[in-house]
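Sequence lines, in order, name chains F and Z. Using the numbering used here, read the first sequence as starting at 1 and increasing by one per residue. Using the numbering used here, read the second sequence as starting at 116 and increasing by one per residue.
One thing to keep in mind: the hints can contain errors.
Unchecked claim - With a cut-off of at most 20 Å between alpha-carbon atoms, the simulated SDA-like pairs for lysine to any residue come out as follows: (1) K157(Z) x K61(F); (2) K172(Z) x A1(F); (3) K157(Z) x G62(F); (4) K49(F) x E118(Z); (5) K58(F) x Y27(F); (6) K157(Z) x S5(F); (7) K61(F) x F72(F); (8) K112(F) x G155(Z); (9) K157(Z) x K58(F); (10) K172(Z) x R96(F); (11) K172(Z) x E88(F); (12) K157(Z) x Q82(F); (13) K157(Z) x E88(F); (14) K157(Z) x Y27(F); (15) K172(Z) x S3(F); (16) K49(F) x G187(Z); (17) K157(Z) x N8(F); (18) K157(Z) x A1(F); (19) K61(F) x E116(Z).
By construction, these hints were calculated from the structure, which means they are not laboratory data.
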Amino acid sequence: AQSVSQHNHHVILSEAASLELGCNYSYGGTVNLFWYVQYPGQHLQLLLKYFSGDPLVKGIKGFEAEFIKSKFSFNLRKPSVQWSDTAEYFCAVNPRGSRTYKYIFGTGTRLKVLA
Amino acid sequence: EPEVTQTPSHQVTQMGQEVILRCVPISNHLYFYWYRQILGQKVEFLVSFYNNEISEKSEIFDDQFSVERPDGSNFTLKIRSTKLEDSAMYFCASSPNTGGGNGYTFGSGTRLTVV
Numbered sequence: 001a002q003s004v005s006q007h008n009h010h011v012i013l014s015e016a017a018s019l020e021l022g023c024n025y026s027y028g029g030t031v032n033l034f035w036y037v038q039y040p041g042q043h044l045q046l047l048l049k050y051f052s053g054d055p056l057v058k059g060i061k062g063f064e065a066e067f068i069k070s071k072f073s074f075n076l077r078k079p080s081v082q083w084s085d086t087a088e089y090f091c092a093v094n095p096r097g098s099r100t101y102k103y104i105f106g107t108g109t110r111l112k113v114l115a
Numbered sequence: 116e117p118e119v120t121q122t123p124s125h126q127v128t129q130m131g132q133e134v135i136l137r138c139v140p141i142s143n144h145l146y147f148y149w150y151r152q153i154l155g156q157k158v159e160f161l162v163s164f165y166n167n168e169i170s171e172k173s174e175i176f177d178d179q180f181s182v183e184r185p186d187g188s189n190f191t192l193k194i195r196s197t198k199l200e201d202s203a204m205y206f207c208a209s210s211p212n213t214g215g216g217n218g219y220t221f222g223s224g225t226r227l228t229v230v
């Protein structure tokens, strides 16, 4: 069955620390990959997406992610976090080439940045 | 920036009652979705809707659930006889094409509490 794993459920960092959140998926075919962020009390917002081309994608707010096909991974990174990055981060996968329009979400990583 | 609007933001209902959750997708989008997030758990796909019919649904989306696009702007999710385990945040989303495109735009959610 298709699944998405986010290894870190809770991460606490100090401001200016570097961030890397892991995401692995299980699906043998071609996928589109997304990271969404959910700030407290708000809706899911798209941070960045990958569907082809350069495996290193840049998103909003200084975030980037790298698709490593051989590892089925799409890890999210930010060189220097800010207090305002405190939020929950979700990795999502959309299998391509089928009638499947749905996203499969990971369980989320709750990030807390200490000022 | 265009938004997906959901109403109400919070609904409390008694077990066994019917609820209708409402969504206004972005006007030129063609694909509509409902997801839910039980507190502390991952975001789960419920149903996708295109061209006035369901294109895919999950195992969660049983006979108690239905969706409708009653006019050109609204997209509703009805739960016929609510159960305690239906308590969750329900997110509506829309996209101009399939999930393989630019990603969804999510609404801010309706928190459903079944008592």
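Hints, one by one, checked against the model:
1. K157(Z) x K61(F): The hint is violated at about 24 Å.
2. K172(Z) x A1(F): holds (16 Å)
3. K157(Z) x G62(F): violated (25 Å)
4. K49(F) x E118(Z): holds (19 Å)
5. K58(F) x Y27(F): Violated, at about 23 Å.
6. K157(Z) x S5(F): Holds, at about 11 Å.
7. K61(F) x F72(F): violated (25 Å)
8. K112(F) x G155(Z): holds (16 Å)
9. K157(Z) x K58(F): Measuring from Cα to Cα gives roughly 25 Å; hence the hint is violated.
10. K172(Z) x R96(F): holds (17 Å)
11. K172(Z) x E88(F): violated (26 Å)
12. K157(Z) x Q82(F): violated (25 Å)
13. K157(Z) x E88(F): holds (11 Å)
14. K157(Z) x Y27(F): With a Cα-Cα distance of about 18 Å, the restraint between K157(Z) and Y27(F) holds, given a limit of 20 Å.
15. K172(Z) x S3(F): Roughly 17 Å separates the two Cα atoms, so the pair holds.
16. K49(F) x G187(Z): violated (29 Å)
17. K157(Z) x N8(F): This hinted pair holds, its Cα atoms lying about 13 Å apart.
18. K157(Z) x A1(F): holds (16 Å)
19. K61(F) x E116(Z): holds (17 Å)
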